[in-house]
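*Asks:* So you can see what is in the structure, the chains are spelled out below.
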Amino acid sequence: MLPLANIMARKVRTAISVLAVGVGVALFLVLVGLTSMLGEIARRTTCVRAHLMVWPASDQVVVSGGLPADKVEKDLESVPGVERAIPVLRWPLKMAGRVQNVYGIRPEDWRFFAAPDQMIDGRTLEGGWEMVVDSRLAGAGGYKVGQTVERWGRRFTIVGIAREGVAGRVFMPIDTVSEALQQRGRRASFFYVRVTDPAQVAAAREAIGERGLSVFTMDEFYDVLASSFVDMDLVIGSVVFVAGFVCFLVILLTVYTMVVERTREIGILKGIGASRLQIFGLVLAEAGLIAAGGIVVGFLLTWGGRTLVLHLQPLWTCEIPPVRFAYAAALAAVGTFLGALHPAMRAAKQDPVESLRYE
Amino acid sequence: MDAILETRGLTKVYRTDGVATPALRGVDLAVAGGEFVSIMGPSGCGKSTLLYLAGLLATPTEGTVILAGTDAGGLSDGERTRLRRAHIGFVFQRFNLLPTLSAEENVALPLRLRRMAVGDAPREMLRAVGLEEKRRRRPNQLSVGEQQRGAIARALVTRPAVLLADEPTGNLDSEASDRVMNLVSRLHAETGQAIVLISHNEQVAARADRLVRMRDGRLTSE
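If you read the protein sequences in the order shown, they are chains A and B.
For the first sequence, my numbering assigns the number 1 to the initial residue and increments by one for each residue that follows.
For the second sequence, my numbering assigns the number 360 to the initial residue and increments by one for each residue that follows.
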């Protein structure tokens, strides 16, 4: 009753404090959401129905856009246990205002990249100057089946739209990409490798590694991508610190001002029987109410911010795991507690006689 | 009659920047249960200090306070708070009610602080002081006299053995002052609580069973 009445007595100040805490919470959550974009790319890249990914070794000089696809394919398929080597020529292409990685694949390999029901409109690749896009890119660029798109000085026809979640946002026949890039012979940026029996993955991996190529299981490659996000964790850590510190400062300033303003009231409360602990609890409860309001506002701002970001940048991903909401609430709660601690202790220790004489 | 409140050799010296200012110099005062005592004296003579020490809001430099048979001298802050809660009701001179609460919520506050059942007690106390109709009003919607009546209701809602009032009519005009003092006298007669009241006003002080005068931190006459 009293904590709520007290914070409602200064509506504008309370609203600003709640908003400040909310902005801290939303800042943290939206940033966490945006970092999910990197995870989404890693997830897509490794969702192909294969067991291994084979890349040129890091010290290998790759010319003309990639490995010689036919030669490496034959070599990989000679490894015992390997069922199929799937070449991919990956190349950047600007679509819907952003640079996308085109997946140049053999049309017959489409089945490894998507289940039949993932094709939601049109058909898969057959060959020639055509492309398949995923639904996210189609939505962002307003692309439709049958539409033509001019790129690399050529006119491509969009022949199909796949549900988002497939490895690339744009697929083209590998020979078409090679031709468009004026490469001599078929080239591959990397290979997916499928083995006959999952029990043979380790042996196949070892045999391919002996050929001087970098080879990863899908899980390993996911981890490689994930480990390249270390700096992002640092950024998130910094934002956590800044958001928590802002929360701390706002609460400290607000609650400290409230305590100084109400010096005489605290004296009266002690006079009518409030203990130090009750005064301490009263101040913390007021700060807690501001924090609770800030958390709710922060969640609403997060929803609004996420909606706005995805509206402005439809190709971005902003997934916020529920547990992160709990982290954000805990962050605001800890910042609030620390910020309110000093003013609450000051109020609790306040000399009642001095307080009653306070003008 | 046994004293419900007693001070023995009560001395208080305030120190500011190394300068000692004596406010009380060995005050002995005993208030019997149900007795109404007025303390009069010029400004700065130590009346309020005596009241705050007697109400266990401050600790004496020397001497002790015995409240309801308990010597408060060696008690911790928490024990003093509990003793005060159990036996003392306070009325201050001004800005007595918490501005963010209604009159009824203000009166309920001592009960809540003591974790006692609230029930109809605040409303009944407000009826007793003539404020039942205005119980939902905030202090700034009440006259100063009404605020003091609300403060008296709040001080008495826990049925304390001793009511300590620090110039409760100090900010009131004569009409409002009379109404408040009539109320104090009536409640004293009805409840039998001991009252220690500080006042500058001879007429107000004269309502008490006993008048005590103070000067320069000492009791000068009874």
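Bear in mind the hints are in silico, worked out from the structure with no lab data behind them.
Keep in mind it's a predicted model, so treat the numbers as computed, not measured.
Cβ coordinates follow ideal geometry from the N, Cα and C atoms, glycine included.
Check each hint, because a few of them may be wrong.
To be verified - Distance windows between CB atoms, simulated:
| id | chain 1 | residue 1 | chain 2 | residue 2 | range |
| --- | --- | --- | --- | --- | --- |
| 1 | A | 300 | B | 421 | 58 to 68 Å |
| 2 | A | 354 | B | 435 | 29 to 39 Å |
| 3 | A | 1 | B | 445 | 43 to 53 Å |
| 4 | B | 518 | A | 322 | 49 to 59 Å |
| 5 | B | 437 | A | 257 | 43 to 53 Å |
| 6 | B | 577 | A | 330 | 51 to 61 Å |
| 7 | A | 261 | B | 380 | 49 to 59 Å |
| 8 | B | 474 | A | 311 | 25 to 35 Å |
| 9 | B | 551 | A | 300 | 55 to 65 Å |
| 10 | A | 342 | B | 533 | 26 to 36 Å |
| 11 | A | 277 | B | 499 | 37 to 47 Å |
| 12 | A | 330 | B | 435 | 26 to 36 Å |
| 13 | A | 241 | B | 473 | 36 to 46 Å |
Said to hold, decoys possible - Distance condition first, Cα-Cα at most 25 Å in a straight line; then the derived SDA-like pairs of lysine to any residue:
| id | chain 1 | residue 1 | chain 2 | residue 2 |
| --- | --- | --- | --- | --- |
| 14 | A | 349 | B | 381 |
| 15 | A | 349 | B | 499 |
| 16 | A | 349 | A | 5 |
| 17 | A | 11 | B | 496 |
| 18 | A | 349 | B | 544 |
| 19 | A | 349 | B | 473 |
| 20 | A | 11 | B | 497 |
| 21 | A | 74 | A | 141 |
| 22 | A | 11 | B | 460 |
| 23 | B | 493 | A | 349 |
| 24 | A | 11 | B | 437 |
| 25 | A | 349 | B | 550 |
| 26 | A | 349 | B | 430 |
| 27 | A | 349 | B | 441 |
| 28 | A | 11 | A | 183 |
| 29 | A | 349 | B | 496 |
| 30 | A | 349 | B | 453 |
| 31 | A | 349 | B | 549 |
| 32 | A | 349 | B | 376 |
| 33 | A | 71 | A | 90 |
| 34 | A | 349 | B | 436 |
| 35 | A | 349 | B | 432 |
| 36 | B | 493 | A | 74 |
| 37 | A | 11 | A | 338 |
| 38 | A | 349 | B | 420 |
*Asks:* Next, verify each hint and record whether it holds.
*Replies:* Here is what the structure says about each hint:
Checked against the hint of 58 to 68 Å, the pair residue 300 (chain A) and residue 421 (chain B) passes, with Cβ atoms roughly 60 Å apart. A hinted range of 29 to 39 Å for the beta carbons of residue 354 (chain A) and residue 435 (chain B) is inconsistent with their spacing of about 20 Å. As the Cβ distance of residue 1 (chain A) to residue 445 (chain B) is approximately 23 Å, the hint placing it in 43 to 53 Å is violated. Between residue 518 (chain B) and residue 322 (chain A) the C-beta distance comes to about 52 Å, which sits within the given range of 49 to 59 Å.
Here the CB-CB span from residue 437 (chain B) to residue 257 (chain A) is close to 28 Å, at odds with the stated 43 to 53 Å. A hinted range of 51 to 61 Å for the beta carbons of residue 577 (chain B) and residue 330 (chain A) is consistent with their spacing of about 59 Å. In this structure, residue 261 (chain A) and residue 380 (chain B) break the distance hint of 49 to 59 Å, their C-beta atoms being roughly 28 Å apart. For residue 474 (chain B) and residue 311 (chain A), the Cβ-Cβ distance of about 52 Å falls outside the hinted range of 25 to 35 Å, so the restraint is violated.
Distance hint check: the CB atoms of residue 551 (chain B) and residue 300 (chain A) are about 57 Å apart, consistent with the given range 55 to 65 Å. Against the hinted window of 26 to 36 Å, the Cβ-Cβ separation of residue 342 (chain A) and residue 533 (chain B) comes to about 46 Å, which falls outside the hint. Distance hint check for residue 277 (chain A) and residue 499 (chain B): the Cβ-Cβ separation is about 30 Å, which falls outside the suggested range of 37 to 47 Å. Hint check: residue 330 (chain A) to residue 435 (chain B), Cβ distance near 35 Å, so the stated range 26 to 36 Å holds.
Between residue 241 (chain A) and residue 473 (chain B) the beta carbons are some 43 Å apart, a value that agrees with the proposed interval 36 to 46 Å. For the hint pairing residue 349 (chain A) with residue 381 (chain B), the CA-to-CA distance comes to about 24 Å; that is within 25 Å, so the pair holds. A C-alpha spacing of about 28 Å is found between residue 349 (chain A) and residue 499 (chain B), which places the hinted pair above 25 Å, so the restraint is violated. Proposed proximity of residue 349 (chain A) and residue 5 (chain A) is supported: the alpha carbons are some 22 Å apart, at most 25 Å.
Using a Cα cut-off of 25 Å, the hinted pair residue 11 (chain A) and residue 496 (chain B) holds, with the two alpha carbons roughly 19 Å apart. Between residue 349 (chain A) and residue 544 (chain B) the alpha-carbon distance is near 36 Å, which puts this suggested pair outside the 25 Å criterion. Annotation: proposed proximity of residue 349 (chain A) to residue 473 (chain B) holds, straight-line Cα distance about 19 Å (limit 25 Å). This hinted pair checks out: residue 11 (chain A) and residue 497 (chain B) have alpha carbons roughly 17 Å apart, not beyond 25 Å.
Proximity of residue 74 (chain A) to residue 141 (chain A) is assessed by CA-CA distance (about 38 Å); at most 25 Å being required, the pair is judged violated. At most 25 Å may separate the alpha-carbon atoms for a hinted pair to count; residue 11 (chain A) and residue 460 (chain B) meet this at roughly 15 Å. For the proposed pair residue 493 (chain B) and residue 349 (chain A), the alpha carbon gap of about 34 Å is over 25 Å, so the pair is violated. The straight-line distance between the Cα atoms of residue 11 (chain A) and residue 437 (chain B) is roughly 34 Å, outside the 25 Å bound, and the hint therefore fails.
At most 25 Å may separate the alpha-carbon atoms for a hinted pair to count; residue 349 (chain A) and residue 550 (chain B) exceed this at roughly 34 Å. For the proposed pair residue 349 (chain A) and residue 430 (chain B), the alpha carbon gap of about 23 Å is at most 25 Å, so the pair holds. Using a Cα cut-off of 25 Å, the hinted pair residue 349 (chain A) and residue 441 (chain B) holds, with the two alpha carbons roughly 16 Å apart. Proposed proximity of residue 11 (chain A) and residue 183 (chain A) is contradicted: the alpha carbons are some 68 Å apart, above 25 Å.
Of the pairs offered as hints, the one joining residue 349 (chain A) and residue 496 (chain B) is violated, with about 31 Å between alpha carbons and a cut-off of 25 Å exceeded. Simply put, residue 349 (chain A) and residue 453 (chain B) have alpha-carbon atoms about 23 Å apart, close enough for the 25 Å limit, and the pair holds. The hinted pair formed by residue 349 (chain A) and residue 549 (chain B) fails the criterion: a straight-line CA distance of about 37 Å is larger than 25 Å. A hinted pair counts as satisfied when its Cα atoms are at most 25 Å apart, and residue 349 (chain A) with residue 376 (chain B) qualifies at roughly 20 Å.
Only pairs whose Cα atoms come within 25 Å are accepted, and residue 71 (chain A) paired with residue 90 (chain A) is accepted, the gap being roughly 18 Å. Proximity of residue 349 (chain A) to residue 436 (chain B) is assessed by CA-CA distance (about 10 Å); at most 25 Å being required, the pair is judged to hold. Between residue 349 (chain A) and residue 432 (chain B) the alpha-carbon distance is near 19 Å, which keeps this suggested pair within the 25 Å criterion. Taken as a hint, the residue 493 (chain B) and residue 74 (chain A) pair is broken in the structure, with Cα atoms around 95 Å apart against an allowance of 25 Å.
Distance hint between residue 11 (chain A) and residue 338 (chain A) is fulfilled; the C-alpha atoms sit about 23 Å from each other, no more than 25 Å. Among the hinted pairs, residue 349 (chain A) with residue 420 (chain B) is consistent with the structure: their alpha-carbon atoms are about 19 Å apart, no more than 25 Å.
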